[in-house]
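Engineer: From first to last, the protein sequence lines stand for chains A and B.
Under my numbering, the first residue of the first sequence carries the number 1, and numbering increases by one thereafter.
Under my numbering, the first residue of the second sequence carries the number 253, and numbering increases by one thereafter.
Warning: the hint list may mix true and false statements.
[As the list claims (entries may be wrong)] BS3-like mimics (lysine-lysine), calculated; alpha carbons at most 30 Å apart, straight line:
(1) B:Lys598 with B:Lys395
(2) A:Lys111 with B:Lys393
(3) A:Lys154 with B:Lys677
(4) B:Lys722 with A:Lys125
(5) B:Lys393 with B:Lys450
(6) A:Lys111 with A:Lys21
(7) B:Lys722 with A:Lys111
(8) B:Lys722 with A:Lys142
(9) A:Lys154 with A:Lys125
(10) A:Lys185 with A:Lys154
No lab work stands behind these hints, which were simulated from the structure alone.
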Amino acid sequence: MKNMLRIEELRVTVEGKEILKGVTLEVGAGEVHAVMGPNGSGKSTLAYVLAGREGYEVTGGRVLFLGQDLLAMEPEERAAAGLFLAMQYPVEIPGVSNMYFLRQAMNAVRKARGEPEIAAGAFMKMLREKARLVGIRDELLKRDVNTGFSGGEKKRNEILQLAMLEPKLAVLDETDSGLDIDALKAVAEAVNSLRGPDRAFLVITHYQRLLEHIEPDHVHVMVDGRIRRSGGKELALELERHGYEQFAAAAA
Amino acid sequence: MSSTIETLKEHTSGEYKYGFMTAVEEETTPPGLDEEVIRRISARKEEPEWLTEWRLAAYRRWRAMAEPDWQKVTYPPIDYQAISYFAAPKQKERPKSLDDIDPEIRRTYEKLGIPIREQEILAGVAVDYVFDSVSVATTFKNKLAELGIVFCSISEAVRDHPELVREYLGSVVPQGDNFFAALNSAVFTDGSFVYVPKGVRCPMELSTYFRINAAGTGQFERTLIIADEGSYVSYLEGCTAPMRDENQLHAAVVELIALDDAEIKYSTVQNWYPGDREGKGGIYNFVTKRGICRGRRSKISWTQVETGSAITWKYPSCILQGDDSVGEFYSVALTNNFQQADTGTKMIHIGKRTRSRIVAKGIAAGRSDSTYRGLVRILRGATGARNHTQCDSLLIGDRCGAHTVPYIEVRNRSAEVEHEATTSKISEDQLFYCRSRGFPEEDAVALIVNGFCREVMEELPMEFAVEARKLLGISLEGSVG
Chain A
1 MKNMLRIEEL RVTVEGKEIL KGVTLEVGAG EVHAVMGPNG SGKSTLAYVL
51 AGREGYEVTG GRVLFLGQDL LAMEPEERAA AGLFLAMQYP VEIPGVSNMY
101 FLRQAMNAVR KARGEPEIAA GAFMKMLREK ARLVGIRDEL LKRDVNTGFS
151 GGEKKRNEIL QLAMLEPKLA VLDETDSGLD IDALKAVAEA VNSLRGPDRA
201 FLVITHYQRL LEHIEPDHVH VMVDGRIRRS GGKELALELE RHGYEQFAAA
251 AA
Chain B
253 MSSTIETLKE HTSGEYKYGF MTAVEEETTP PGLDEEVIRR ISARKEEPEW
303 LTEWRLAAYR RWRAMAEPDW QKVTYPPIDY QAISYFAAPK QKERPKSLDD
353 IDPEIRRTYE KLGIPIREQE ILAGVAVDYV FDSVSVATTF KNKLAELGIV
403 FCSISEAVRD HPELVREYLG SVVPQGDNFF AALNSAVFTD GSFVYVPKGV
453 RCPMELSTYF RINAAGTGQF ERTLIIADEG SYVSYLEGCT APMRDENQLH
503 AAVVELIALD DAEIKYSTVQ NWYPGDREGK GGIYNFVTKR GICRGRRSKI
553 SWTQVETGSA ITWKYPSCIL QGDDSVGEFY SVALTNNFQQ ADTGTKMIHI
603 GKRTRSRIVA KGIAAGRSDS TYRGLVRILR GATGARNHTQ CDSLLIGDRC
653 GAHTVPYIEV RNRSAEVEHE ATTSKISEDQ LFYCRSRGFP EEDAVALIVN
703 GFCREVMEEL PMEFAVEARK LLGISLEGSV G
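In isolation and in its complexed conformation, chain A is listed as follows (with noise of 0.2 Å):
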């Protein structure tokens, strides 16, 4: 299996706060891995330190994503390498129309490649079925990025510049969060749907519930900045029924 994201002892630092404090993690082509944990347990902290977040100090030890040294890297490069965030506050861009928006980050993305820009009528034929697949309306498309948008939408939004952008590695930061049955039933499908042996996905959740949806091969218990367990989708079951309890106290 092809090694895609490699995470060794990564330490991370926020305001003087130690928050990361060593995570080793390998996910592989094809692999969805999940990482579930307590709050405040630093799952959102690693999410945004693979990203590229300004604010957040790498103190220790290193990641690979395809073999290249990922944090020597800007947001932009790392976009461009085939990595991608679906955020869990999806950011408000008044005035920027999404479908603008959309063309425009792909075709950034291939400027980096040095692929061609995406024609008008490729795109928008590939706009139309993506956007059927994530369960969005016209009408958003020609609205502002998220500007006005329910939380349910600006997650499905989410996960529409994922379907566009293609990235090799998905990590999405609790993308349950804030969403009713429906909602959260027609992003899992997305995310199925996007599902291939070239890429991964890396899914950050608190709670069980995505994971019925979204079946992962490996499960992660993140508690107090350390990887505390991993294993198979039956950990996740293991987790619902006795909570994080058993690793705080480890940690503890």
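With the hints as your guide, set chain B onto chain A.
Structural biologist: Then chain B, alone, in the frame of chain A:
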């Protein structure tokens, strides 16, 4: 946050790509201004006596006036005797056809991306090219003439349509209106003239491209646009200048007159040299632009995208005299490095049920300062007048300033006046979001800024909206194009 500001600083230091100068032999008057210089300019342009006298009257008023000091900009005193008031490329006479234009000047406009020719890129746009103090070419003249539309340099208009010029020159911006308008009235050298006859809808955009080339000169152009009853015209001006260490003065006057049911749309993409990153050099842009909706149901709409000049001082205004007339002002003012902009509008409601709309977007980066200054005045007779004003400021970094100074004077109880204002910063979250989708940082900034300005950009004619969008990007970025 601080590291974002650092990188923003790198990206907001855009280089000015129009800063070259053209090696063309120029004829300039020696520096200094007195009645003799004015007589010489007037004689050089073979003007009728009434105009010479008009200039001299303006000059006498100007001498008695003081430079305004209420604006929120600072600059060292301007020595008006050190400026040369007339510069023109040496040419025996005005070229008879576009083919006769000096190849150097032709190349200048090609480099600026607006080749002098009546085809391809500029199909559908007629252009008047003003190089330093004189108009060097006007395209599509014959085609426009078939419809009775006059589009020519103001010098030609003085010669060929003296009755129109005499009637309307100074009718909207009187000679003694303000210090810079008075100076312009005394020394204006060229500019554009448009007359659209009754009921004619001008089928193409009319455009003037102003270029300052000569050193040590000022540019004082004068534009006069008259839209007769029921007519329509859309006009655009663009401007650039070479990069120089000294400051150059640009003091233009634009007058618009809309008669019954006429509409004038006036768009500006202003990109005079803004000075370097340390604030050295750049154009001082002191401009008076005013339109009068003289007729009933007439409309004047100003759209401006201001990215250039070291100092911008301009308030394109509308006098809404005719009942049911409409005034609009859409503005984007972007300042970077040490630029200062004090800009806005005046809407003077005189007629009944007159309406005005103001949308002003100010973007400040670097150590620049951007002020919106606007006046909405509803006079006693303006029953049912309405105004809506929206002022939004966007700050980039933490060393720039944005200010909003609205003046509202209402003398009629039935009037409705609304004013909304916001100030925001480009957020770290927005930048990260865009970058994580693949946008390089400078493109992300340009994207967010363009979104912020969209309402105004949509008012620009299509061809120029694309240019203006790019220009905003360039003014903010370290890269060109």
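Engineer: So which hints don't hold here, by number, going up?
Structural biologist: Numbers 1, 2 and 6, in rising order.
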